Amino acid sequence: MIHVIVMTIHKIVMVTKVLVKTVRVVVQTTRVIVMTRHVIATTTHVMVMTRHVIVMRTHVIVMRTHMIVMTTHVVVVATLVIVMTTHVIASTTHVMVMTTHVIVRKTHVIDVATHVIVMTTQVIGMTTHVIAIMTLEEEKGRGAGVNLADRGLKLRLLLRSPRFPR
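Residue numbers for the sequence shown follow my numbering, beginning at 406 and rising by one.
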């Protein structure tokens, strides 16, 4: 009977050993499952962070492109301002040139009018001179214009003389 009790205790011990080993395996398996879950969570976190980094880098690229576009826009507007300023300068210069042209034309008109007045004054002077000579000839008792013809002949002879070569 003792032998049966010893054998039963032995069997209980053996079964308990198997149960302990089984519990150890279950604990190890649970640890592996927990670590696997941790690895999966960490990997997911890395993927999410990588995606966040990609999004942020894309944002940086977009902002730099926006900066380039805005700088180009500023350059274009500055060029437009320069072009419009040049246009204003050209228009002002054209107005000044046209005003100068008008002044020159009016000065020319005044010059021609002055020339006409001078020539008219010379004609009046020469006519007055002729009238004065004719009046003198009349007063001397000679016929009017006799001395004028002599003077004209003397002038022609003088112009033909060697003192006035042709």
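Careful, some of the hints might be misleading.
To be verified - Quick list of the computed label-pair ranges, beta carbon to beta carbon:
#, residue 1, residue 2, range
1, 534, 508, 33 to 41 Å
2, 510, 477, 28 to 36 Å
3, 444, 424, 38 to 46 Å
4, 419, 456, 24 to 32 Å
5, 492, 467, 30 to 38 Å
6, 436, 456, 52 to 60 Å
7, 485, 515, 43 to 51 Å
8, 451, 476, 47 to 55 Å
9, 499, 477, 26 to 34 Å
10, 517, 538, 43 to 51 Å
To be clear, the hints were calculated from the coordinates, so they are not data collected in a lab.
Since we're looking at a predicted model, the values are computed, not measured.
Glycine included, each C-beta is placed from N, C-alpha and C at the ideal position.
Quiz item: Are residue 492 and residue 467 spaced within 30 to 38 Å by their CB atoms?
Solution: 37 Å, holds
Quiz item: Could one say that the CB atoms of residue 451 and residue 476 fall in the range 47 to 55 Å?
Solution: 37 Å, violated
Self-check item: Range hint compliance [Cβ, residue 534 to residue 508, 33 to 41 Å]
Solution: Since the Cβ atoms of residue 534 and residue 508 sit about 38 Å apart, the hinted range of 33 to 41 Å holds.
Quiz item: Does 26 to 34 Å hold as the CB distance between residue 499 and residue 477, or does it fail?
Solution: Between residue 499 and residue 477, where Cβ atoms are some 32 Å apart, the hint holds.
Exercise. For residue 444 and residue 424, compare the CB-CB distance with the range 38 to 46 Å and indicate the outcome.
Key: The hinted range 38 to 46 Å is violated for residue 444 and residue 424, with Cβ atoms some 30 Å apart.
Exercise. Mind checking the hinted window 28 to 36 Å against the Cβ distance between residue 510 and residue 477?
Key: 49 Å, violated
Quiz item: Does the Cβ distance between residue 436 and residue 456 fall inside 52 to 60 Å?
Solution: Taking Cβ atoms as reference, residue 436 and residue 456 lie about 30 Å apart, which means the hint is violated.
Quiz item: If you check the beta carbons of residue 517 and residue 538, does the distance land in 43 to 51 Å?
Solution: 32 Å, violated
Self-check item: Supplied distance hint 24 to 32 Å, evaluated on CB atoms of residue 419 and residue 456
Solution: Because 55 Å falls outside the window, the suggested range is violated.
Exercise. Return holds or violated for the Cβ distance of residue 485 and residue 515 against the range 43 to 51 Å.
Key: 45 Å, holds
This entry does not satisfy hints 2, 3, 4, 6, 8, 10, going by the numbered hints stated previously.
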